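Chemist: Quick note, the sequences are listed as chains P and E, same order. The opening residue of the first sequence carries number 750 in the numbering used here; numbering runs sequentially from there. The opening residue of the second sequence carries number 97 in the numbering used here; numbering runs sequentially from there.
I should point out that these hints are in silico values taken from the structure, not numbers from a laboratory. Just so you know, not all the hints are guaranteed correct.
According to the in silico footprint, chain P covers these stretches of chain E (three or more CB under 8 angstroms from chain P) [claimed, not checked]: (1) 118-127; (2) 180-187.
With a cut-off of at most 30 angstroms between alpha-carbon atoms, the simulated DSSO-like pairs for lysine-lysine come out as follows [said to hold, decoys possible]: (3) K928/P to K254/E; (4) K134/E to K104/E; (5) K873/P to K764/P; (6) K873/P to K134/E; (7) K927/P to K104/E; (8) K116/E to K148/E; (9) K764/P to K837/P; (10) K805/P to K924/P; (11) K928/P to K127/E; (12) K839/P to K127/E; (13) K104/E to K928/P; (14) K148/E to K805/P; (15) K98/E to K134/E.
Covered by chain P, according to a simulated footprint, are these stretches of chain E (three or more residues, beta-carbon under 8 angstroms) [stated by the list, open to error]: (16) 100-111; (17) 161-167.
If you're wondering where the values come from, they're calculated on a predicted model, not measured in any experiment. Where a beta carbon is used, it is the ideal one built from N, C-alpha and C, also for glycine.
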Amino acid sequence: MDVTEELQVIDAVLKGDVDRYEALVNRYQKPIINFIFRMVGNYEDATELAQDVFIKSYVSLAGFNRQYRFSTWLFRIATNRTIDFLRKRKVAVVSMEGDYEDYTPQYKSNGSSPLETLEDGRLKTLLGDAIQQLPSEYREVIVLYHVTEISYEEIAEITDLPLGTVKNRIFRARKMLKKILEGEI
Amino acid sequence: MKECKGLKDYLTDAMEGQEKRHFEAHLATCKGCALAVKEDRAITEALCDVPKVNAPAHFVITVMREVAARRRSRLAWGVYGAAVLLVAALVGVLLGGNVTVVAGQATVLVRSLADFGTSLYTVVHNISAVLFGALPMGRMAPGFAGGAFLALCFVFYKTAFAISSDRR
Ligand SMILES: [Zn+2]
Numbered sequence: 750m751d752v753t754e755e756l757q758v759i760d761a762v763l764k765g766d767v768d769r770y771e772a773l774v775n776r777y778q779k780p781i782i783n784f785i786f787r788m789v790g791n792y793e794d795a796t797e798l799a800q801d802v803f804i805k806s807y808v809s810l811a812g813f814n815r816q817y818r819f820s821t822w823l824f825r826i827a828t829n830r831t832i833d834f835l836r837k838r839k840v841a842v843v844s845m846e847g848d849y850e851d852y853t854p855q856y857k858s859n860g861s862s863p864l865e866t867l868e869d870g871r872l873k874t875l876l877g878d879a880i881q882q883l884p885s886e887y888r889e890v891i892v893l894y895h896v897t898e899i900s901y902e903e904i905a906e907i908t909d910l911p912l913g914t915v916k917n918r919i920f921r922a923r924k925m926l927k928k929i930l931e932g933e934i
Numbered sequence: 097m098k099e100c101k102g103l104k105d106y107l108t109d110a111m112e113g114q115e116k117r118h119f120e121a122h123l124a125t126c127k128g129c130a131l132a133v134k135e136d137r138a139i140t141e142a143l144c145d146v147p148k149v150n151a152p153a154h155f156v157i158t159v160m161r162e163v164a165a166r167r168r169s170r171l172a173w174g175v176y177g178a179a180v181l182l183v184a185a186l187v188g189v190l191l192g193g194n195v196t197v198v199a200g201q202a203t204v205l206v207r208s209l210a211d212f213g214t215s216l217y218t219v220v221h222n223i224s225a226v227l228f229g230a231l232p233m234g235r236m237a238p239g240f241a242g243g244a245f246l247a248l249c250f251v252f253y254k255t256a257f258a259i260s261s262d263r264r
């Protein structure tokens, strides 16, 4: 479904053909759930929040600005909803931090980079957990860019940040991840 | 370790052409930058392969059911609104004449409601005329018209109720 088709679907939904909205839910359910899942770190919460996002998007669809893509609009709602959720859950997140002993990487000190010696599968799992330790403003951009594969430009629109700030945060977030994986934090 | 200038731009695709070739030449001689680039690439690759989750089986159905419920309640409010307008119009018909004639103090709102009511009244009268045979605009007409209004309101109410409580 390209941008024009999406606009047609949105028009139809706004005219009362609600069933057409299903195409948009179908198309974006996976990226939205994965984005929220990597943001909140819990599958049940992620699916529940994702439902809220799609319903909120339907209810306020009349306010959709056609100069953006639908995905930008949807991820805007998703980031706002998720940040709001994380703010309310902050206490619980802090108390989870005790569980991260596992992050001390098991590498041999042969002088090479510790990242090289981690086997591939283990690195991915550790990385998934390490993302959870990033401050939310860094987690947001790194997940949007690398997990949901959204361009720098679109992330800037979603987050209302200047392009330079988006790139800066993504760059810094990767450095933080490296440090977390090396057990330096 | 302090990083060299340009490293960030190089790693966030903010560099191209001559500038990029320059930096790549620098990479060949600077161990710090070469290592930083290598590590950043490793993280980037791993990030793209971070395991993805699937949506729950009934995700779309659940969302669409809720969306349909929102739409029904919105429609129902519309019908309720129309019913309220009808009742207001009826009140306007009943009051309009008296207020203007007796007190001459009808507000613009009441007047317009009265006008609206009068036209609706005519419509309903015509309908009832068809239904009940040729009915003279005598003393009984308002009674029939009122009854027709109430019946109409009842139909609106039932429709609204049916829409808002519909389960697919
Ligand atoms: Zn250098």
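Chemist: Hints broken by the structure, by number, lowest first?
Modeler: Checked against the structure, the hints that fail are numbers 1, 2, 3, 5, 8, 9, 10, 12, while the rest are satisfied.
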